[in-house]
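Trainee: In order, the protein sequences belong to chains R and P. Okay, so the first sequence: first residue is 1 according to the working numbering, each after it adds one. Okay, so the second sequence: first residue is 1 according to the working numbering, each after it adds one.
Please keep in mind that the hints were generated in silico from the structure rather than gathered at the bench. Among the hints, a few may not be true.
Within a straight-line C-alpha distance of at most 20 Å, the following computed SDA-like cross-link-like pairs (lysine to any residue) qualify [as the list claims (entries may be wrong)]:
{"#": "1", "chain 1": "R", "residue 1": "K44", "chain 2": "P", "residue 2": "Q95"}
{"#": "2", "chain 1": "R", "residue 1": "K44", "chain 2": "P", "residue 2": "T104"}
{"#": "3", "chain 1": "P", "residue 1": "K78", "chain 2": "P", "residue 2": "T107"}
{"#": "4", "chain 1": "R", "residue 1": "K44", "chain 2": "P", "residue 2": "S3"}
{"#": "5", "chain 1": "R", "residue 1": "K3", "chain 2": "P", "residue 2": "N42"}
{"#": "6", "chain 1": "R", "residue 1": "K44", "chain 2": "R", "residue 2": "L89"}
{"#": "7", "chain 1": "R", "residue 1": "K44", "chain 2": "P", "residue 2": "G9"}
{"#": "8", "chain 1": "P", "residue 1": "K69", "chain 2": "R", "residue 2": "Y99"}
{"#": "9", "chain 1": "R", "residue 1": "K18", "chain 2": "R", "residue 2": "G85"}
{"#": "10", "chain 1": "R", "residue 1": "K44", "chain 2": "P", "residue 2": "T5"}
{"#": "11", "chain 1": "R", "residue 1": "K39", "chain 2": "P", "residue 2": "T104"}
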Amino acid sequence: NSKVIQTPRYLVKGQGQKAKMRCIPEKGHPVVFWYQQNKNNEFKFLINFQNQEVLQQIDMTEKRFSAECPSNSPCSLEIQSSEAGDSALYLCASSPPGYEQYFGPGTRLTVL
Amino acid sequence: GDSVTQTEGLVTLTEGLPVMLNCTYQTIYSNPFLFWYVQHLNESPRLLLKSFTDNKRTEHQGFHATLHKSSSSFHLQKSSAQLSDSALYYCALYQGGRALIFGTGTTVSVSP
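Same shape as in the complex, but just chain P:
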């Protein structure tokens, strides 16, 4: 069945350094829709990025990601992490008009 894999469970870094979170997916659909959601402590997930166009970079709030269908990837990047970026990040696959398939999530912890 469809699935999303996030390889990092925890990413710790110092403020100002770049961050990259990996996301790969498996789906039977030829036109997948991929999303990144961010969930801060005691909050609900908030949509960060979305994409359904192959090889097109999408950006929001300093984060960017590019959907690569050839490698089934949608990695999240930011050039300079901020303290406020500390949160849980989920990659999610839109499953043919129905429920989101979430990855296991990556906790990002940014320290001064």
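The shape of chain R in the complex, shown without the other chains:
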């Protein structure tokens, strides 16, 4: 079973508000991924880190999205100004020195 921790499990924001979610990867997993799963259950990769450095990221939706993975602190994903279309399940996954990814429980964001 995955030991990736994500908080909060549920997040409700008004349009234009900031939304921040956190992820603690499983111990010993150097790579962290963020995905967005929309209401149609489609996955969208957002960004990944290895030891605090960004490996790959998409064009983060008009720069409203930002993420970081500081040492000795949880990783975080923040939406500066939430929009209704951002409502989704945000999944954090971590990967051991290998290839499989293990997902946390997710943060379900609802933007009203």
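Given chain R, put chain P in place with the hints provided.
Mentor: Leaving out everything else, chain P in the frame of chain R:
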């Protein structure tokens, strides 16, 4: 670019019958890594099977799959479906050290 195709959107069957979910992929990499994830309602994806060895069967929790590079396939099978197997199943391709490429998912619904 790389892609994963799952042809069945919904599979409905009776408990005890066999189930097979199709997965084919396209990639420029000669050594692809393929995964099956299962996502139960209101949960996050959980790794079910993984493979990177051609023509070698991999098994877990009654499910099995074999990576066939010649046909770019990684079909998921189970000989006898259980009610608890009702879930969303995703085939995923590991993209050269980075993000997973997910298929569109297959919903499996098992009835008594």
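Trainee: So, for every hint listed, does it hold in this structure?
Mentor: Outcome of the hint check:
| no. | hint | verdict |
| --- | --- | --- |
| 1 | R/K44 to P/Q95 | 14 Å, holds |
| 2 | R/K44 to P/T104 | 11 Å, holds |
| 3 | P/K78 to P/T107 | 15 Å, holds |
| 4 | R/K44 to P/S3 | 13 Å, holds |
| 5 | R/K3 to P/N42 | 17 Å, holds |
| 6 | R/K44 to R/L89 | 11 Å, holds |
| 7 | R/K44 to P/G9 | 19 Å, holds |
| 8 | P/K69 to R/Y99 | 18 Å, holds |
| 9 | R/K18 to R/G85 | 14 Å, holds |
| 10 | R/K44 to P/T5 | 16 Å, holds |
| 11 | R/K39 to P/T104 | 13 Å, holds |
Of the numbered hints listed earlier, not one is contradicted by the structure.
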